[in-house]
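J.: Take a look at the letters that make up each chain.
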Amino acid sequence: MVKVALIGAGKMGISHLAILGGHPDVEIVGVSDTSHLVLDVLKKFSSYPCYTDFEEMLRKANPDAVFVAVPTRFHSKIVKRVLQAKKHVFSEKPLCLTNQEGKELVELASEQAVVNQVGYHNKFIGTFQEVKKIIAGGYLGQIQHFTGESYGPVVIREKQDNWRSDPSEGGGCLLDYASHVIDLINHIVGPVSKVRGSIIKSLYSRHVEDSVTSLLELSTDVTGVLSVNWSDETYRKMATSLTIIGSKGKIISDANELKVYFKTSACPADYTKGWNVKYVTDLTDPVDFYLRGEEYSAQVDYFIRAVQGRVPNSINNFKSAWYTDKVISMIKESINQ
Amino acid sequence: MERILFGDNQFFAVNHISDEKSRSQSIKFKNDHAIIRTLDYAIEAGINTFMCTTHDRIASICDYIRANPAKYGGFKIYPCMPYAHKYANAVTELGIVGTLKEYVPGNMFGSFLKGGMAYFSKDYLAIMELLVDAEMKMFKGIETPVIFLQNVITDMLLGLGMKDVLKAFQEYVQKKYHAEAGFITMNMPKLIHTLQQVGIHEPIICTSINKLGFRMSGGRELYEATLENTTARVIAMQVLAAGAIPPKEAIEYVANLKNVESILFGASSKVNIEETVSFINKYDQLQQVEVPVS
Numbered sequence: 000m001v002k003v004a005l006i007g008a009g010k011m012g013i014s015h016l017a018i019l020g021g022h023p024d025v026e027i028v029g030v031s032d033t034s035h036l037v038l039d040v041l042k043k044f045s046s047y048p049c050y051t052d053f054e055e056m057l058r059k060a061n062p063d064a065v066f067v068a069v070p071t072r073f074h075s076k077i078v079k080r081v082l083q084a085k086k087h088v089f090s091e092k093p094l095c096l097t098n099q100e101g102k103e104l105v106e107l108a109s110e111q112a113v114v115n116q117v118g119y120h121n122k123f124i125g126t127f128q129e130v131k132k133i134i135a136g137g138y139l140g141q142i143q144h145f146t147g148e149s150y151g152p153v154v155i156r157e158k159q160d161n162w163r164s165d166p167s168e169g170g171g172c173l174l175d176y177a178s179h180v181i182d183l184i185n186h187i188v189g190p191v192s193k194v195r196g197s198i199i200k201s202l203y204s205r206h207v208e209d210s211v212t213s214l215l216e217l218s219t220d221v222t223g224v225l226s227v228n229w230s231d232e233t234y235r236k237m238a239t240s241l242t243i244i245g246s247k248g249k250i251i252s253d254a255n256e257l258k259v260y261f262k263t264s265a266c267p268a269d270y271t272k273g274w275n276v277k278y279v280t281d282l283t284d285p286v287d288f289y290l291r292g293e294e295y296s297a298q299v300d301y302f303i304r305a306v307q308g309r310v311p312n313s314i315n316n317f318k319s320a321w322y323t324d325k326v327i328s329m330i331k332e333s334i335n336q
Numbered sequence: 000m001e002r003i004l005f006g007d008n009q010f011f012a013v014n015h016i017s018d019e020k021s022r023s024q025s026i027k028f029k030n031d032h033a034i035i036r037t038l039d040y041a042i043e044a045g046i047n048t049f050m051c052t053t054h055d056r057i058a059s060i061c062d063y064i065r066a067n068p069a070k071y072g073g074f075k076i077y078p079c080m081p082y083a084h085k086y087a088n089a090v091t092e093l094g095i096v097g098t099l100k101e102y103v104p105g106n107m108f109g110s111f112l113k114g115g116m117a118y119f120s121k122d123y124l125a126i127m128e129l130l131v132d133a134e135m136k137m138f139k140g141i142e143t144p145v146i147f148l149q150n151v152i153t154d155m156l157l158g159l160g161m162k163d164v165l166k167a168f169q170e171y172v173q174k175k176y177h178a179e180a181g182f183i184t185m186n187m188p189k190l191i192h193t194l195q196q197v198g199i200h201e202p203i204i205c206t207s208i209n210k211l212g213f214r215m216s217g218g219r220e221l222y223e224a225t226l227e228n229t230t231a232r233v234i235a236m237q238v239l240a241a242g243a244i245p246p247k248e249a250i251e252y253v254a255n256l257k258n259v260e261s262i263l264f265g266a267s268s269k270v271n272i273e274e275t276v277s278f279i280n281k282y283d284q285l286q287q288v289e290v291p292v293s
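Protein chains in written order, with numbering that gives the first Met the number 0: chain A, 0 to 336; chain B, 0 to 293.
One chain only, chain A, in its complex shape (with noise of 0.2 Å):
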């Protein structure tokens, strides 16, 4: 069994010591919050032990890995103090607010040797892990264009009370639905190598942004759009999709539904030339324990497994997540030039 705790039991903590809670492998050991509301529901309904002060979680609880959700403004210092009690560590998205934080950290992680993760869930999902499949196989070609795009309903009025809404805390749509994007991007056609350009608009938040509009360039001379918007209330939830236009073809995916068009039937094998469409139900490894999605509980598992040394610590570790960190500040650069 895995000894695992979890820093930070606000959305997304809780959502992973659900997940962790179902897993055959895992032992909760701690669950560190600073809101009492939090914990006292915790210590009510749930067996594990709770604590206010996750350094004295980590010294009592003793754990073999901790999972981070904390807003992240505090990600520095905190996955630093999992790192230095060496500690295999999965944090939350985005890494850290500057590259200096997050260059200390990959650089930490790797000389304390652990396991380290970060939470972009996307890579977890069937349709996309296929794009990079086919991007990867060459059947697409060299690759002349992309767009990759992200809306949602976030913030769809004005009114924000919590971290979110405060860019000093790591608020606003770039860190947070735009990361994904960036990341993905970064994945599956490599990473970007300049921003051109970038308009961010302010619709509903005072203090954030709730749209981000970038031209990418990669490193192949490739070129391409971010297009994200988390105040667009035509969706029920975040939705996350990735066109791609190559000499020999062209993708577009969602989280769902990937349709993908060959020129030549030089493709992949249960494709043929012409256009080509897969569901997320053709393309999806079930989970032992389901909550939101196989994708949260994928990338989970994929942690667990890699601090059991099952697997290689490759997919989303600390250094790619950082990589994306580095995107980010070139566009927050690049913003209104």
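A portion of the hints provided could be inaccurate.
Cut-off 16 Å, straight-line C-alpha distance, at most; resulting in silico cross-link-like pairs (EDC-like, lysine to aspartate or glutamate) [to be verified]:
#1 B:Lys210 x A:Asp284
#2 A:Lys42 x B:Asp163
#3 A:Lys277 x B:Asp163
#4 A:Lys42 x B:Asp18
#5 B:Lys210 x A:Asp281
#6 B:Lys85 x A:Glu232
#7 B:Lys189 x A:Glu100
#8 A:Lys258 x B:Asp122
#9 A:Lys236 x B:Asp163
#10 A:Lys79 x A:Glu100
#11 A:Lys43 x B:Asp163
#12 A:Lys277 x B:Asp122
#13 A:Lys236 x B:Asp18
If you're looking for bench data, these hints aren't it; they were derived computationally from the structure.
Start from chain A and add chain B according to the hints.
T.: For chain B alone, kept in the frame of chain A given last:
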């Protein structure tokens, strides 16, 4: 429970395999009239139970049902609560405390805070009851013999080991609404086992069951083995695996499973509703014919 239940996903842009289909459904069912017309098709096809979320728009559908008692005599609704995305988005925007402030009715939450944490901490279940009452308001005067907890909440409580809250929900809907509690889940075998531990031995469980094993956590074989031996009353949903299995094949599989008391499905068109109902009736009849007479 009736053998066939009609679901509401198609009305509210819930489609598990295509955002495009979600959008076109959203457009098709923009007006309440379109929803009511489709419900009427279901009733014409012999279905008298509508299982639906507590989406805001259901309130207007309920108004229409109340206003036409002759037309909807004997019609039942199984509410499924909470409408999870409303709360999920609110927690993202407002935080947990902010969400409670927003949705707990009246000044109750404020007075809890004023009363201090010691008093407040004794009454989490009272907050749950207030939230249930808030969600149930729209169904006043309509028969709601089963009230469901949505899968995101059921499975979160299941993962957190909060089985007393599941029990409290069951007791509250029984006491206040004289209804049976139902639990929607994506983790049927584990949930049945957990509910038994708190003395719920014949729970109503609504869960994905399909030939593809889609959203059947732990695998199809485990579900089949659990169904063989369970005392739970099971409603099969996602029987078509979001359209990945042809209807005839999908229904044949699920209709032959032991202890599946009801089949839940949603459809947008009259033809699809009639087709699915006729498949269920056909395989049920075949099943009856094949049962040996002792």
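J.: Compare the structure with each hint and give your call.
T.: Consistency of the hints with the structure:
Between Lys210 (chain B) and Asp284 (chain A) the alpha-carbon distance is near 15 Å, which keeps this suggested pair within the 16 Å criterion. The hinted pair formed by Lys42 (chain A) and Asp163 (chain B) meets the criterion: a straight-line CA distance of about 13 Å does not exceed 16 Å. A C-alpha spacing of about 42 Å is found between Lys277 (chain A) and Asp163 (chain B), which places the hinted pair above 16 Å, so the restraint is violated. This hinted pair does not check out: Lys42 (chain A) and Asp18 (chain B) have alpha carbons roughly 40 Å apart, beyond 16 Å.
With a CA separation close to 13 Å, the supplied pair Lys210 (chain B) and Asp281 (chain A) stays within the 16 Å bound. Restraint check for Lys85 (chain B) and Glu232 (chain A): the C-alpha separation of about 11 Å stays at or below 16 Å, so the hint holds. About 42 Å separates the Cα atoms of Lys189 (chain B) and Glu100 (chain A), which puts this hinted pair outside 16 Å; it is violated. Between the alpha carbons of Lys258 (chain A) and Asp122 (chain B) the distance comes to roughly 50 Å, so the proposed pair goes past 16 Å and is violated.
With a C-alpha separation of about 30 Å, the suggested pairing of Lys236 (chain A) with Asp163 (chain B) is violated against the 16 Å cut-off. Taking the CA atoms of Lys79 (chain A) and Glu100 (chain A), the gap is about 9 Å. The hint holds against a cut of 16 Å. Taking the CA atoms of Lys43 (chain A) and Asp163 (chain B), the gap is near 10 Å; set against the 16 Å cutoff, the hint holds. With a C-alpha separation of about 48 Å, the suggested pair Lys277 (chain A) and Asp122 (chain B) falls outside the 16 Å cut-off, and the hint is violated.
Among the hinted pairs, Lys236 (chain A) with Asp18 (chain B) is consistent with the structure: their alpha-carbon atoms are about 11 Å apart, no more than 16 Å.
Hint violations for this structure: numbers 3, 4, 7, 8, 9 and 12, all remaining hints satisfied.
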